[in-house]
Amino acid sequence: MIIFKYNYNHLVSVFILAFLFIGFLPASGQKSITGIVKEKNTGETLPYASVIMEGTTNGTTTNADGYFTLFNIPENGVLLTVRFLGYTNAQVRVEGDDLLNLVVIEMEQETKNIDEIVVAARRNMMKVSDNVGQVSISPKQLTSLPSLGEKDIFRSMQLLPGVSGTNEASSGLYVRGGTPDQNLILFDGFTVYHVDHFYGFFSAFNANAIKDVQLYKGGFEPKFGGRTSSVVEITGKTGNENDFKLGAEVSSISANIYTEIPLWGKGSVLFAARRSYAEIIKSGLYEDIFDMAGNETSVQNYTSGRFQTQDTEPVFNFYDMNLKATYKPSDKDVISLSFYSGSDNLDNTIDFNTSTRGLSGSSANISTNTTDLTEWGNHGMSARWGRKWGTQLYSNTVVSYSQFYSNRDRTTSTIVTRDETDTTFVGIIQDNKVLDFSVRQDFEYELNANHNLAAGVHFTGNNIRFENDLNDTTLLDLDNKGNIYAAYLQDKWSLSKNVNLTFGARVNYFDVTQKYYFEPRIQTIFKWSPRLKTKAAWGIYNQFINRSVQEDLEQGSYEIWLLSDDEIVPVQSATHYILGMSYEADKWLFDVEAYYKDLGGLSELNPRVGSTVSASDDLQDIYTNSFFEGTGIAKGIEFLIQKKFGNYTGWIAYTLSKTEHRFDDIEDHPFPALHDQTHEIKLVNSYKWRKWTLAGTWVYATGKPYTAPAGGYSLTLLNGTEQYYVVLSDKNGQRLPAYHRLDVSATYDFKIGEVPASLGLSIFNLYNRANVWYKEFTIDSDNDIYAETNVNFIGFTPSLFFSIEF
1 MIIFKYNYNH LVSVFILAFL FIGFLPASGQ KSITGIVKEK NTGETLPYAS
51 VIMEGTTNGT TTNADGYFTL FNIPENGVLL TVRFLGYTNA QVRVEGDDLL
101 NLVVIEMEQE TKNIDEIVVA ARRNMMKVSD NVGQVSISPK QLTSLPSLGE
151 KDIFRSMQLL PGVSGTNEAS SGLYVRGGTP DQNLILFDGF TVYHVDHFYG
201 FFSAFNANAI KDVQLYKGGF EPKFGGRTSS VVEITGKTGN ENDFKLGAEV
251 SSISANIYTE IPLWGKGSVL FAARRSYAEI IKSGLYEDIF DMAGNETSVQ
301 NYTSGRFQTQ DTEPVFNFYD MNLKATYKPS DKDVISLSFY SGSDNLDNTI
351 DFNTSTRGLS GSSANISTNT TDLTEWGNHG MSARWGRKWG TQLYSNTVVS
401 YSQFYSNRDR TTSTIVTRDE TDTTFVGIIQ DNKVLDFSVR QDFEYELNAN
451 HNLAAGVHFT GNNIRFENDL NDTTLLDLDN KGNIYAAYLQ DKWSLSKNVN
501 LTFGARVNYF DVTQKYYFEP RIQTIFKWSP RLKTKAAWGI YNQFINRSVQ
551 EDLEQGSYEI WLLSDDEIVP VQSATHYILG MSYEADKWLF DVEAYYKDLG
601 GLSELNPRVG STVSASDDLQ DIYTNSFFEG TGIAKGIEFL IQKKFGNYTG
651 WIAYTLSKTE HRFDDIEDHP FPALHDQTHE IKLVNSYKWR KWTLAGTWVY
701 ATGKPYTAPA GGYSLTLLNG TEQYYVVLSD KNGQRLPAYH RLDVSATYDF
751 KIGEVPASLG LSIFNLYNRA NVWYKEFTID SDNDIYAETN VNFIGFTPSL
801 FFSIEF
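Take UniProt numbering: the final residue in the sequence shown is number 806, and no numbers are missing along the way.
If you're looking for bench data, these hints aren't it; they were derived computationally from the structure.
Remember, it's a predicted structure, so these values are computed and weren't measured experimentally.
Among the hints, a few may not be true.
With a straight-line cut-off of 27 Å between C-alpha atoms, the simulated DSS-like cross-links for lysine-lysine are [what the hints assert, rightly or not]:
1) 658 <-> 775
2) 515 <-> 481
3) 691 <-> 751
4) 140 <-> 245
5) 140 <-> 40
6) 644 <-> 38
7) 31 <-> 497
8) 140 <-> 751
9) 282 <-> 38
10) 223 <-> 497
11) 527 <-> 433
12) 691 <-> 40
13) 533 <-> 481
14) 332 <-> 40
15) 266 <-> 140
16) 644 <-> 533
17) 481 <-> 433
18) 527 <-> 223
19) 635 <-> 658
20) 635 <-> 587
21) 527 <-> 31
22) 533 <-> 587
Distance windows between CB atoms, simulated [stated by the list, open to error]:
23) 250 <-> 337: 28 to 34 Å
24) 426 <-> 397: 49 to 55 Å
25) 277 <-> 724: 32 to 38 Å
26) 567 <-> 451: 41 to 47 Å
27) 101 <-> 800: 31 to 37 Å
28) 791 <-> 345: 50 to 56 Å
Don't be surprised by glycine CBs; every beta carbon is placed ideally from N, CA and C.
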C-alpha cells in the first residue's frame, strides 16, 4: 500500500486544472466522424461495441451510451464494420455529407428463425477484450446455459477462466484468489453489496433487466476504485423506444414479468419484477435447497410422558424489481433514472402448546412461542446524465444511493404452568446495514487518433451499522461513517499501430484514516500480427470497506461488513501483476494470462470472540480484540480455447492457481485460503439445431481446504466444573474431495399464433455427484470421539421454465 502525503487542496487544484485543460484542448486537426450504435428494432443503444474501419487496424469501441469517434477518415469516405455480442455484424458506408453529421448505425439481433433451419451467425456468449483481464458478456446468450432453476448471469460468469465455478451456495464471484466482497459490483452506476437470493443459490439480478456485462478480472483502469480484486459493470436495459413490449417467465422457483414502454420517440421505461412462489407450490428444487441448508426445525413434544418430534417447514420468499426510465432530449444527451430493490424473507416462527402428566398425577401446561424472522437484501438507485460535447469530449455524471441490510430477530418465550407459572425469555437481534451515497463525474477527451484522455472526480460516503443484542443487553453496537474523495487521470496512447499503452493514476483520500492512497496503474498491448498479441498490466488497489468472516468449527461461519480504520480493521491493499498472450482466428480464440497479487490488510474475526461475550464485558475491548490482520498472495495461470461462431459454440478453460494467507496470530506460517483450489477445468458447449438449443457444462476442481479437530483435553476450573477444549490441526491443512458436476439443458423455441415462446428443461448435476460442501464434527468430550459428517451440495435436480414475449 502506498500512502501519498500531500496537501489535499493542492491535489484538488491539480485535477481542476486538468479538467480545464481538457476542456480547452484544441481540435485535433484530423478528419473525424462521430456516431452512435443502436439496436434496429428497439432503438436501444449498444455499449462497448467494436467499430473498425474496414481494411485497416483503425478502430474503437462505443462508450456506455453507444457513442464513438474515429480519426484519420479518408476524404472519400469509409466503410465501417460494427460488432456486438449477440448481434449480426453491421457494415455501413459513410461518405459525403454523412461525414459531417452524427452517424447512426443500427444492428439486428441474431433472430431465431423457428420455422426453418437457423443459419449460423455470430453466437459467441462472451468476448475476451483487448484490454488486460476484461471480458465482455452477452446476457442473452449466456442464459441459454444450464442453470439451477433460474436464468442467472452470475452463475454463468462462474464458468469463465479465473472465476471459481464450484460455489453452489454463493452467487458471489471468487476471482483470481479474491473473495466476493473484494469485487466492485456496479449496476447502472450504483454499488451492490450482496448479490445473492435464496442463501446464495440464485443471484439477485433479473436477466431480463440486463443489457450488457463487463467483467474486469484484474489490472482495471483508475476510473474504478475501492476494491482490490475485480469489477463487474452491469448496464441495465433501457427498453424499446419504438413499440410496447410485454414478457413473462415461469420457472421451478419464481415467476417473472417485464415490460418496455416507449416515450414519444425520445426514450423508454423498463419495468421488471420477479418473485418466488414457494408459499403456494413447493417444488422439488425448493425442498432440496432447504434440506441442504438445514432449515427444517425440530420441535420436541411431551405427550403421555414420551418425546415426539415434529418437523416444521419455514416460510420463505424472495423478490427483486427493476425500474428504469431513459429520456433523450437531443441526439447528444442521455438522461436516465434507475431503481432496484431486492429482498429475501424467512419466517421460521413456531407456536407450540401441550399438556403433560407425570407418574404422580401432576400435570403441567407448556406453551412455547419462537419468533424467528430473517431478512436481507439490497436497494439501489441512480440518476445519470451523459452528454457528447461535440466530436471529442464526453461527460458522464452519476449520483447514486445504495443500501444493504441483514436483520435477524429471534425470540423464544416458554411458559410452564403447574402450581405456579414459570416464564423464560431469550431474545437475539442481529442487524447489519451498509449505506452508500456516491457522486461521480467522469470525462473522456479523444484528443486524436493516438491519445484518448480520461479524468474524473468521485465521492463516496459510507455509513455502516452493526448491532448485536441479547435480551435487553446490547453486546455490540457499531455506527461508523467514512468518506472517500478520489480523482484520477488516464491516457490511452497508441505509440504505433502495433503498440498501445494505457497509463494513469488514482488518488484516494479517506477521512477516517486521514491519509492519501496513491494508485498508479499501467497496461500495454503489443501486436506481433493482426492475430497475435501480448499484454501486460500492473496496478495498486485499496479497499476501505470489508466483509470479515468469523469461523466456528461447530456453529459455522458468520459474516459482517465493517469500515476500515487502519487501527482495528485494516485498509486492504493489493498489487496486481499480469502477463498474457492471445491468438485470435476467425472462429477460434486461444488466450492465456498469468497473474500474481500481493495482498495486504486482510482481516479475520477472532474465533474466540462471540461465544465468550457476556453483558459485563467492555464493548470497546470486545471490538478492539475482535480482528486479526494478515497478508497473502494469489497467483495463477489461466488458459482459454474458445469456439466463437457458428451453430456450435463454447470453450475450454483451465486454471492453475494458489492463494495463501498469513495471520501471525493464528499460525506461524502461511496457510491456504478457504477458497484456494489448485486445479479447475470447465467445458462449456452450446449447439443450435432447428428449433432447439442444446447446452452442456462440466466443471472439475480439486478440493478446497478445511480445518479439522486433532484432539482435545479437559481442565478442572476453580469452581470445580470441568471444561473440555478442542485442539485443532493446522489451519486449512486438510482438503475436501475433488468436485465435479455435469449440467445439461434443452430449450425449444416455438410460436403461439404469432407470439414467440420458449420451453426449457435444465438438469443440474446430471450424474448425481455427491460433492462435499463442508464437514460437520460432533464432539463427545467423554470419549474423545469426533464424528465426521459430510454436508453435500445438491444432487440430481431437474427444473423447467417457460417464457413468452408479446
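Results for each hint:
1. 658 <-> 775: 22 Å, holds
2. 515 <-> 481: Holds, because 16 Å separates the two Cα atoms, which is no more than 27 Å.
3. 691 <-> 751: The hint holds at about 11 Å.
4. 140 <-> 245: Given that 27 Å is the threshold and the Cα spacing comes to 17 Å, the pair holds.
5. 140 <-> 40: 17 Å, holds
6. 644 <-> 38: 23 Å, holds
7. 31 <-> 497: 18 Å, holds
8. 140 <-> 751: This hinted pair holds, its Cα atoms lying about 19 Å apart.
9. 282 <-> 38: 42 Å, violated
10. 223 <-> 497: Cα-Cα ~25 Å, so holds.
11. 527 <-> 433: Violated: residue 527 and residue 433 sit about 48 Å apart, past 27 Å.
12. 691 <-> 40: 24 Å, holds
13. 533 <-> 481: Cα-Cα ~46 Å, so violated.
14. 332 <-> 40: 19 Å, holds
15. 266 <-> 140: 25 Å, holds
16. 644 <-> 533: 18 Å, holds
17. 481 <-> 433: With Cα atoms ~12 Å apart, residue 481 and residue 433 stay inside 27 Å; holds.
18. 527 <-> 223: 25 Å, holds
19. 635 <-> 658: 5 Å, holds
20. 635 <-> 587: Distance of about 30 Å is beyond 27 Å: violated.
21. 527 <-> 31: This hinted pair holds, its Cα atoms lying about 25 Å apart.
22. 533 <-> 587: 17 Å, holds
23. 250 <-> 337: 28 to 34 Å: Holds: the Cβ-Cβ distance is about 29 Å, inside 28 to 34 Å.
24. 426 <-> 397: 49 to 55 Å: 51 Å, holds
25. 277 <-> 724: 32 to 38 Å: 47 Å, violated
26. 567 <-> 451: 41 to 47 Å: 43 Å, holds
27. 101 <-> 800: 31 to 37 Å: 50 Å, violated
28. 791 <-> 345: 50 to 56 Å: 24 Å, violated
Figure legend: structure checked against the earlier numbered hints; hints not met, in rising order: 9, 11, 13, 20, 25, 27 and 28.
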